[in-house]
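**Q** Single-letter residue listing:
Protein chains: 2
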Amino acid sequence: MTDSPLSGPPLAFSDPTYRAAVVDLLGAIAYGEMSAFERLAEDAKMAPDLEDKAELAAMASREIGHFAGLRGRLAELGADPYEAMAPFRGPIDAFHVHTAPRDWLEGLVKAYVGDGLAADFYREIAAFVDADTREIIFDSLEDSGHAEFVVDRVRKAIVVDHRVGGRLALWGRRLMGEALSQAQRVAAERDALCALLSGGVDRPGMDLAAISRMFTRLTENHAKRMAALGLAS
Amino acid sequence: MTDSPLSGPPLAFSDPTYRAAVVDLLGAIAYGEMSAFERLAEDAKMAPDLEDKAELAAMASREIGHFAGLRGRLAELGADPYEAMAPFRGPIDAFHVHTAPRDWLEGLVKAYVGDGLAADFYREIAAFVDADTREIIFDSLEDSGHAEFVVDRVRKAIVVDHRVGGRLALWGRRLMGEALSQAQRVAAERDALCALLSGGVDRPGMDLAAISRMFTRLTENHAKRMAALGLAS
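Here the protein sequences come in this chain order: A and B.
Just so you know, we're using the working numbering here: the first sequence kicks off at 1 and counts up by one.
Just so you know, we're using the working numbering here: the second sequence kicks off at 1001 and counts up by one.
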């Protein structure tokens, strides 16, 4: 055995609770990417012109590229990738049903703010997994410059009609609220995933103060993204 | 000037009719890829499970990857990519409206047979353009193994219920008929593109006999694809 606890699965994964937590985490992110694809492809229909439609289609495609990496990792761990995703269909689908954008701009804000929030959250959790898994998760959450496009379109729309800013600011708050509510639902249902955050005998975890600091970081980053769009948070 | 007529745009593109034809061809393929993305993303909703949905989403994403290459080439030629696509929205959208799949299997057959037919057709036309443009077109039409997935699913469905084969065979004929009808519409409207096929003083082209042979090749390849799916053509 030459594995170190940080680089190779075998040692860490001998703990079934740890393995279950990692499978959960990868399953949640993978299903999130798949449903982000569906939602972005759907929102692309609302694009005002072909150029904007192509941008959103490219964002959707990027999600599927990431999805493939996560699915591969799940298979490597001996998990059925689609079984791993199944428990997260309910909460993630509910999030999308409750935050269906009414127009193109709401779709853009959701893509930027919602994906940013989800990515921050998963990155926080990924701090508690082995290096290999963490790297795959970080890769899958990487943004490839499409954010600029959203910022440009939203800011331009506010210049044209400043009332748009008020409406989208409310929308951003609603996205945050709905995301927290679904995250809570997942936390209540997925014991292994929660155990990952709270740590174990041989694994560091978060106490309540640390969890509170994590929420502060998530909220601050959300506010930064809203500000980048020219919106109050 | 070190350009050869085969490798570099400048010489060939000094003929405005030739340039217009190439812009048309790239615009048609690019819009075709974009609308294939939309249609595949839409059809993915009908997938019986997450695994099949992921396969169709991956096919959709591949179209957008190709789209980006064509858009880049149009920009290199000094054309507005979205203006270049505009004339083909009507015929290509009409094709999709007239061939909206009623279920998952019709969607799969359309993805395989329809895209295959379009790819064959564009490859035939690409024989008449400069080497650089041709390479970009060939790359954009490359299949990356998703065909196996369609063949597998359609063949399995026919085993379960052989009547499915009769229905899908009719569907394949309808796809072919609708594709020809829209291709004819494009031919009637886009003079430069037609001129490309018929050749010029310094460019080889197709006479009527050659065009007839091209249709024979297209029909034969269509029949091969139908046979691969286990369907009569």
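Think of the hints as simulated: they come from the structure by calculation, not from any bench.
Just so you know, even glycine gets a beta-carbon here, dropped at the ideal spot from N, CA and C.
A portion of the hints provided could be inaccurate.
Example chain A residues on the side facing chain B (calculated, C-beta under 8 angstroms, incomplete) [to be verified]:
id	residue
1	46
2	49
3	51
4	57
5	58
6	64
7	82
8	85
9	87
10	104
11	184
**Q** Could you check if residue 82 of chain A really has its C-beta closer than 8 angstroms to a C-beta on chain B?
**A** holds, 5 angstroms
**Q** Let's test the interface hint: is any C-beta of chain B closer than 8 angstroms to that of residue 46 of chain A?
**A** At 12 angstroms from the nearest chain B Cβ, residue 46 of chain A fails the 8 angstroms test, so the hint is violated.
**Q** Is the interface hint for residue 87 of chain A satisfied, with its Cβ closer than 8 angstroms to some Cβ of chain B?
**A** Hint on residue 87 of chain A: violated, closest Cβ of chain B at ~12 angstroms, above 8 angstroms.
**Q** Double-check residue 51 of chain A for me: the hint is only fine if its C-beta lies closer than 8 angstroms to a C-beta in chain B.
**A** holds, 5 angstroms
**Q** Can residue 57 of chain A be said to touch chain B, with a Cβ gap under 8 angstroms?
**A** holds, 5 angstroms
**Q** When the nearest CB of chain B is found for residue 104 of chain A, is that gap smaller than 8 angstroms?
**A** Since the shortest Cβ distance to chain B is 15 angstroms, the answer is violated.
**Q** Do the numbers back the hint for residue 64 of chain A, that is, is its least Cβ distance to chain B under 8 angstroms?
**A** Holds: closest Cβ of chain B sits about 4 angstroms from residue 64 of chain A, inside 8 angstroms.
**Q** Given residue 58 of chain A was flagged as interface, is its beta-carbon under 8 angstroms from a beta-carbon of chain B?
**A** holds, 6 angstroms
**Q** Does residue 184 of chain A meet its interface restraint, that is, does its C-beta lie within less than 8 angstroms of any C-beta in chain B?
**A** Violated. Min distance 24 angstroms.
**Q** Given residue 49 of chain A was flagged as interface, is its beta-carbon under 8 angstroms from a beta-carbon of chain B?
**A** holds, 7 angstroms
**Q** Taking 8 angstroms as the limit, does the beta-carbon of residue 85 of chain A come near enough to a beta-carbon in chain B?
**A** Holds, because the Cβ-Cβ distance from residue 85 of chain A to chain B comes to roughly 6 angstroms (cut-off 8 angstroms).
Comparing the model with each earlier hint shows violations of hints 1, 9, 10, 11; every other hint is respected.
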